[in-house]
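Make a model of the complete structure from these sequences and hints.
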Amino acid sequence: MKEFLFVFRRAIDSNEPPQSPEQIQAMMKPWQDWIGSIAAQNKLSSSGNRLTNEGRVIKPGKVITDGPYVDIKEAVGGYIIVKANTLDEAAALADGCPILHVGGTVEVRMIVPMEDNN
Amino acid sequence: MEPQQLIPHLFRTEYRKIIAVLCKMFGLEHIAIAEDIVSETFLLAAETWGLKGLPKNPTAWLYTVSKNKALDHLRRDTLFQTKIAPELNQSDEGHPDTDIDLSNKNIVDSQLQMLFAICHPSISTEAQIGLALNILCGFGAEEIADAFLTGKETIYKRLTRAKEKLRTEKIKIELPPPGDIESRLETVLSTLYLLFSEGYYSASQNTVLRKDLCIEAMRLMVMLTDHPLTCTPSGYALLSLMCFHASRFEARTNQDGEIILYEDQDASLWDKELIAQGVDFLNRSSGGRQVTKYHLEAAIAYWHTHKEDTAEKWENILQLYNRLLQIEYSPIAALNRTYALSKANGKQEAIVEAEKLGLDSNHFYHSLLANLYEDSNPVKALDHLRKAWTLARNTNDKVLLAKKISSATARQ
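Protein chains in written order, with my numbering: chain A, 1 to 118; chain B, 1 to 412.
In case anyone wonders, no lab produced these hints; they're calculated from the structure.
Check the hints yourself; a few may be wrong.
What the hints assert, rightly or not - With a cut-off of at most 25 angstroms between alpha-carbon atoms, the simulated PhoX-like pairs for lysine-lysine come out as follows:
#1 B/Lys-52 / B/Lys-67
#2 B/Lys-172 / A/Lys-29
#3 B/Lys-307 / B/Lys-380
#4 B/Lys-313 / B/Lys-347
#5 B/Lys-313 / B/Lys-293
#6 A/Lys-43 / A/Lys-29
#7 B/Lys-398 / B/Lys-387
#8 B/Lys-211 / B/Lys-67
#9 B/Lys-272 / B/Lys-347
#10 B/Lys-56 / A/Lys-29
#11 A/Lys-29 / B/Lys-404
#12 B/Lys-307 / B/Lys-356
#13 A/Lys-2 / B/Lys-272
#14 B/Lys-347 / A/Lys-43
#15 B/Lys-356 / A/Lys-43
#16 B/Lys-356 / B/Lys-380
#17 B/Lys-56 / A/Lys-83
#18 B/Lys-343 / B/Lys-313
#19 A/Lys-43 / B/Lys-343
#20 B/Lys-165 / B/Lys-152
#21 B/Lys-403 / A/Lys-43
#22 B/Lys-67 / A/Lys-29
#23 B/Lys-403 / B/Lys-380
#24 B/Lys-165 / B/Lys-211
#25 B/Lys-172 / B/Lys-157
#26 B/Lys-67 / B/Lys-56
#27 B/Lys-404 / B/Lys-387
#28 B/Lys-343 / B/Lys-356
#29 B/Lys-211 / B/Lys-347
#30 A/Lys-29 / B/Lys-347
#31 B/Lys-356 / A/Lys-83
#32 A/Lys-29 / B/Lys-387
#33 B/Lys-387 / B/Lys-347
#34 B/Lys-307 / B/Lys-165
#35 B/Lys-387 / B/Lys-403
To be verified - Quick list of simulated restraints, FRET-style, between CB atoms:
#36 A/Glu-22 / B/Pro-331: 29 to 39 angstroms
#37 A/Ala-26 / B/Lys-380: 29 to 39 angstroms
#38 B/Glu-153 / A/Met-1: 26 to 36 angstroms
Beta carbons are placed, not taken as given, at the ideal position from N, Cα and C, and that holds for glycine.
Quick look at the structure:
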């Protein structure tokens with residue numbers, strides 16, 4: 001089995017109103033069900049992390065900008081790591097990811113195995 | 001109580017206490033000496049109590065006799081003079097006046113230390129369970145064999161090898177240093193959980209024995225959580241889980257020892273007191289920063305103490321399984337999660353998810369699919385029941401599946 005990184009991206013509108021706890025709860029269920037489904041197939045390597053909207057981008061010459069979405073429209077919202085035999089198999093696991101329902105994307109990348117790092 | 005009944009009873013309750021104290025004193029390398037002394041004491045009780053009548057305080061009699069036998073042994077044995085006495089910092093002048101402390105506190109301390117010694121990482125899990133049953137619970141090889149559905153000889157060999165290992169690894173009967181307690185406790189908890197499960201899920205028809213295994217695991221858990229050094233949130237969570245499961249003991253088998261499934265159980269038979277204790281331990285388990293698998297499993301078991309099918313119940317169970325699987329995968333958790341998914345999100349979604357599990361060779365997988373297809377495709381459901389029956393190994397499961405097959409066939 002190889003490991004693959006799933007990176008979740010979506011367009012962020014900084015004028016979005018803050019969500020109520022009920023809305024957050026309702027938003028979490030599809031995510032938990034989807035990650036639970038991957039875990040139930042014994043294909044989850046790490047449940048990863050969610051990222052907040054705030055950020056800084058550091059560029060050469062001490063140029064620091066607010067937020068990762070000054071130049072790019074889509075910001076990384078989180079990541080998980082899954083186990084699969086092939087890139088196609090990993091990509092198939094991304095099917096049903098809740099980010100796809102809100103216009104976001106999942107980028108699937110194979111992680112270079114430890115022993116190949118040397 | 002007549003001696004014929006009293007002696008087996010005392011053997012069950014007192015053997016393990018005296019053994020723990022004597023082993024602590026002689027060291028694990030001389031386990032056989034401690035076992036001989038306690039066995040001789042009980043033999044003497046059997047011989048004399050019937051003839052002379054019961055002593056006033058039978059337990060105190062057992063303690064005194066085993067104490068004297070131990071002291072006699074120490075006096076006689078040259079081993080004591082050369083090996084044990086120097087270590088005890090005692091003079092080697094003939095008569096040791098070592099006190100053998102059979103106070104309640106020393107008994108509990110010795111048993112706890114023994115628990116950590118047995119659950120040493122260098123001992124195999126299988127051997128740990130056998131040793132725990134033998135030394136800490138006073139079960140003989142025959143009873144252990146009955147619970148594990150193996151031969152007495154196999155168990156006897158396993159115990160002998162494990163005791164040899166305790167000796168060669170020079171494992172000491174003591175609590176690990178404070179910094180190591182938490183990591184060592186992980187092995188202790190997982191062994192006690194296995195001991196409990198062995199009783200709860202064993203295919204053995206001996207329901208009394210199976211219940212005893214569960215009670216023993218719970219007794220050792222209570223001992224752990226009662227001690228300030230070994231009491232942890234995850235320990236409380238495991239104890240809570242055991243209480244919730246044990247609360248269904250009376251309801252989960254019929255008179256013939258056959259399993260009654262959760263949804264068919266008579267909830268009035270569930271033990272309310274154990275459920276209340278489980279809730280209490282679950283509350284106490286919330287002290288730490290970490291949510292362990294025991295916390296999640298206890299919370300799942302808590303929701304199962306509500307018999308009524310509500311959306312809230314199954315949504316909570318589903319989310320708990322989602323989290324549990326992220327901590328640790330197991331086929332049974334994956335199957336239970338899919339069942340909860342069918343209750344929370346509907347059978348169609350659950351069928352799609354079930355087919356991704358890759359558990360075709362597991363009979364529970366086919367039982368689950370039979371349940372999911374029951375209404376929408378009875379032919380497929382029956383097919384899965386038959387596959388489950390073919391794959392099932394244990395008699396209880398086979399009987400249950402055969403019943404389901406015949407009622408499903410009758411409906412078609």
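Each hint tested on the structure:
no., hint, in the structure
1, B/Lys-52 / B/Lys-67, "holds, 21 angstroms"
2, B/Lys-172 / A/Lys-29, "violated, 49 angstroms"
3, B/Lys-307 / B/Lys-380, "violated, 29 angstroms"
4, B/Lys-313 / B/Lys-347, "holds, 17 angstroms"
5, B/Lys-313 / B/Lys-293, "holds, 19 angstroms"
6, A/Lys-43 / A/Lys-29, "holds, 19 angstroms"
7, B/Lys-398 / B/Lys-387, "holds, 11 angstroms"
8, B/Lys-211 / B/Lys-67, "violated, 32 angstroms"
9, B/Lys-272 / B/Lys-347, "violated, 32 angstroms"
10, B/Lys-56 / A/Lys-29, "violated, 65 angstroms"
11, A/Lys-29 / B/Lys-404, "violated, 34 angstroms"
12, B/Lys-307 / B/Lys-356, "violated, 29 angstroms"
13, A/Lys-2 / B/Lys-272, "violated, 48 angstroms"
14, B/Lys-347 / A/Lys-43, "holds, 23 angstroms"
15, B/Lys-356 / A/Lys-43, "holds, 11 angstroms"
16, B/Lys-356 / B/Lys-380, "holds, 17 angstroms"
17, B/Lys-56 / A/Lys-83, "violated, 67 angstroms"
18, B/Lys-343 / B/Lys-313, "holds, 9 angstroms"
19, A/Lys-43 / B/Lys-343, "holds, 23 angstroms"
20, B/Lys-165 / B/Lys-152, "holds, 20 angstroms"
21, B/Lys-403 / A/Lys-43, "violated, 35 angstroms"
22, B/Lys-67 / A/Lys-29, "violated, 62 angstroms"
23, B/Lys-403 / B/Lys-380, "holds, 17 angstroms"
24, B/Lys-165 / B/Lys-211, "violated, 29 angstroms"
25, B/Lys-172 / B/Lys-157, "holds, 22 angstroms"
26, B/Lys-67 / B/Lys-56, "holds, 18 angstroms"
27, B/Lys-404 / B/Lys-387, "holds, 12 angstroms"
28, B/Lys-343 / B/Lys-356, "holds, 18 angstroms"
29, B/Lys-211 / B/Lys-347, "violated, 35 angstroms"
30, A/Lys-29 / B/Lys-347, "holds, 17 angstroms"
31, B/Lys-356 / A/Lys-83, "holds, 14 angstroms"
32, A/Lys-29 / B/Lys-387, "violated, 34 angstroms"
33, B/Lys-387 / B/Lys-347, "holds, 20 angstroms"
34, B/Lys-307 / B/Lys-165, "violated, 47 angstroms"
35, B/Lys-387 / B/Lys-403, "holds, 14 angstroms"
36, A/Glu-22 / B/Pro-331: 29 to 39 angstroms, "holds, 35 angstroms"
37, A/Ala-26 / B/Lys-380: 29 to 39 angstroms, "holds, 34 angstroms"
38, B/Glu-153 / A/Met-1: 26 to 36 angstroms, "violated, 41 angstroms"
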